[in-house]
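*Asks:* The lines below spell out each chain.
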Amino acid sequence: MGIQGMELCAMAVVIMLFIAVLKQFGILEPMSMEDTSDSDLELSSIRHQPEGLEQLQELTKFTKKELQSLYRGFKNECPSGLVDEDTFKLIYAQFFPQGDASMYAHFLFNAFDVDRNGAICFENFVVGLSILLRGTVHEKLNWAFNLYDINKDGYITKEEMLAIMKSIYNMMGRYTYPIVRDDAPIEHVEKFFQKMDRNRDGVVTIEEFLETCQKDENIMSSMQLFENVI
Amino acid sequence: MAAGVAAWLPFARAAAIGWMPVANCPMPLAPTEKNKRQDELIILNVSGRRFQTWRTTLERYPDTLLGSTEKEFFFNEDTKEYFFDRDPEVFRCILNFYRTGKLHYPRYECISAYDEELAFYGILPEIIGDCCYEEYKDRKRENAERLMDDNDSENNQEGSMPSLNLRQTMWRAFENPHTSTLALVFYYVTGFFIAVSVITNVVETVPCGTVPGNKELPCGERYAVAFFCLDTACVMIFTVEYLMRLFAAPSRYRFMRSVMSIIDVVAIMPYYIGLVMTNNEDVSGAFVTLRVFRVFRIFKFSRHSQGLRILGYTLKSCASELGFLLFSLTMAIIIFATVMFYAEKGSSASKFTSIPASFWYTIVTMTTLGYGDMVPKTIAGKIFGSICSLSGVLVIALPVPVIVSNFSRIYHQNQRADKRRAQKKARLARIRVAKTGSSSAYLHSKRNGLLNAALELTGSSDDEQHISKSTSLIESQHHHLLHCLEKTTNHEFIDEQLFEQNCMDNSMQNYPSTRSPSLSSNNGGSTSCCSRRNKTTTHLPNSKVPATRLQSMQELSTIHIQCSEQPSLTTSRSSLNMKSDDGLRPNCKTSHLTTAIISIPTPPALTPEGESRPPPSSPHPTMNISTTCSNVVKVSAL
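Going line by line, the protein sequences match chains A and B.
FYI, the numbering for the first sequence is 1 to 230, going by the working numbering.
FYI, the numbering for the second sequence is 1 to 638, going by the working numbering.
No lab work stands behind these hints: they were computed from the structure.
Warning: the hint list may mix true and false statements.
Said to hold, decoys possible - Okay, the calculated beta carbon distance ranges per label pair: (1) Ile-46/A - Asp-39/B: 43 to 49 Å; (2) Lys-23/A - Thr-289/B: 32 to 38 Å; (3) Cys-131/B - Gly-173/A: 30 to 36 Å.
Unchecked claim - Calculated from the model, a selection of chain A residues having no Cβ within reach of chain B, i.e. all distances over 10 Å: (4) His-48; (5) Gln-98; (6) Ala-184.
Glycine is no exception: its CB is placed at the ideal position from the N, C-alpha and C atoms.
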């Protein structure tokens, strides 16, 4: 009946209020309370300190001053000492305001993050830069091959190359002259494979890649382009 | 993230090697870095505190002072550092901006000082980080309000200068009762009549005495005629006031739409409507209702009371909070009324006959009034009733602090405006003193120059040290500047009193034929030249002014000169005045040679003649040396 129903409701409300008051006093421990606070602490304590200057000097071809300057810039942007992929994408996207650089940044990130732990530490950063800026042409070409070989199996397939090409064309954005056609990346990949794939087996190996590049004048000269960046 | 871009650019460029094997055409040449410097530390010396940072840190923002070559202007070759004569505290924040890319606003800093520093260093305030931006904007708005109040009050004061026609004068009198005594009288009279009218309305309903028949009559019916006369008088005054305001209003349409005028109309309409339909029985009921509107006369007091206006303004500005309060209260009332109705449905003879009937109970309980005319009897009803009263307290208490803080802010703003108005007078007086100080300093130095020349003539060197006291370099340069201006325009600076004196004398000169020492003619003549100075006391040549002028002259320790070109010397003061005036060219018109009168600080040496002579004549510095026929020294000035 209505009256009894209301009385029941009233009782239920009173009991709920009672429990709320008890909770305040901490007498009734709430049933489900995870250690959410701990996980917060854990995240914020992730920090990375790079190895000493001497070790880095041995690993790379940078001078002490250059390493100092590089580290200062790196630490300023990433005080925790580690760059995760989202931050990396954000930073890289600053340079390409018209297009979408996230795909290419993803590939770059994987190329720099050699130990595959999801974050670039200063050693990875500086080792990669050393190859790119102070390495031999051979080393640079190796690095480029590593970048294109997404699954790091030693072969560049057409699909991998297509993904890379699309990501490069994405950085251009929409407002280009002439307008980027939808099949432009595919065409480009075809041309690339025609040049590189000697034995026409549909994949490009490291030897084919190195051989073809070393024969190409343009590529060789462009490899020297960024010598004096730092 | 400009800082980020600059730091990571080398990395992005290096990563471009990944495109090279893919490219089909040759790459453009890279730009070469001329005189590529190793990153070096530079020292920034700000008022003695040395800050050091890398050069590249500063170059992150090349469109600011520190990031561009503009800082080379501040480079000190001797110490090889950049010296800035600015506040080092604020510089700390600015340098942190270069370091971290975020500009913070310290709370203890004055907002205008901070703005000035930002402007100096070429940093836009919009860059302030989100953490401090709100505070910055709040302080800036507060400061702008303060300055705006200043300007407003200044504009109000300046309105007194131009001449206004009748309508504008009336409007100003209505708006600011303090401008003239008539307006003040009118203000108090209307206030008095409003009070009378309100008290009449109240007393009308008080029962006073019985009439044969044992019926208590309210005073209104017992002394109907008296009350009617009072009412008529008040309404007449209000009507006259309303019509006058309507006449004087600059925009009649806008005035008629304003709140105060609507209140005025509502206050006086019932009387006229009552006059029109006196004997009609049917509408007498409506007529009685109209009388209620007479109480709106009390709102007319808001013209007279600042506090009422503030309250009204506060309520208006808190409209959203009040709306929220109303909305949440309505929600709670409906919920609790429904619950109480169903809880009490079963009990016999329950007063909760319907949900709307329960509204009354809910409102009375939530506002903790508790009349007790409706009480729940069942247990469930009592439980829900207690929850209702507890929640009522909470719901009402929540928006109240917002309203209170709003009121406090507006009230303090008003206090601040009043305080500022009081301080303004002192401030203006100080400014005036400073101005007159500097101009009198100039005139003083001119006379010193005169004196020097005079002393050279007379050969006395007693007062030389006294005169040539060292004025600072800035002062002397300033005086030289003023002197150049005088030479350019061929006019000379004199001070206010002498200017008026000349006007007086000029007017006297205009009546050469009369030569009467009568004061009336002098008075009449002075207005033409000095019409602007109506309010200041006019110096009459024959008044006590001479004595004071003499004193001031003596303070300046200047020489007494008189140039008299009149052969006849009479002892009467007035004629002496005349004489000197003949040689006088009024300053108002021309600027050539006039007599200068300066007094020496040796009163005993002065003859009584000399004492009376100086004031009337103009103390213009002259270019002449003319011989006197008296024993007063004449000096050429300038």
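*Asks:* Are the hints correct? Go through all of them and say.
*Replies:* Right, here's what the structure says about each hint:
no.	hint	verdict
1	Ile-46/A - Asp-39/B: 43 to 49 Å	violated (29 Å)
2	Lys-23/A - Thr-289/B: 32 to 38 Å	violated (57 Å)
3	Cys-131/B - Gly-173/A: 30 to 36 Å	holds (33 Å)
4	His-48	holds (18 Å)
5	Gln-98	holds (15 Å)
6	Ala-184	holds (12 Å)
Violated hints, in rising order: 1, 2; the structure is consistent with all others.
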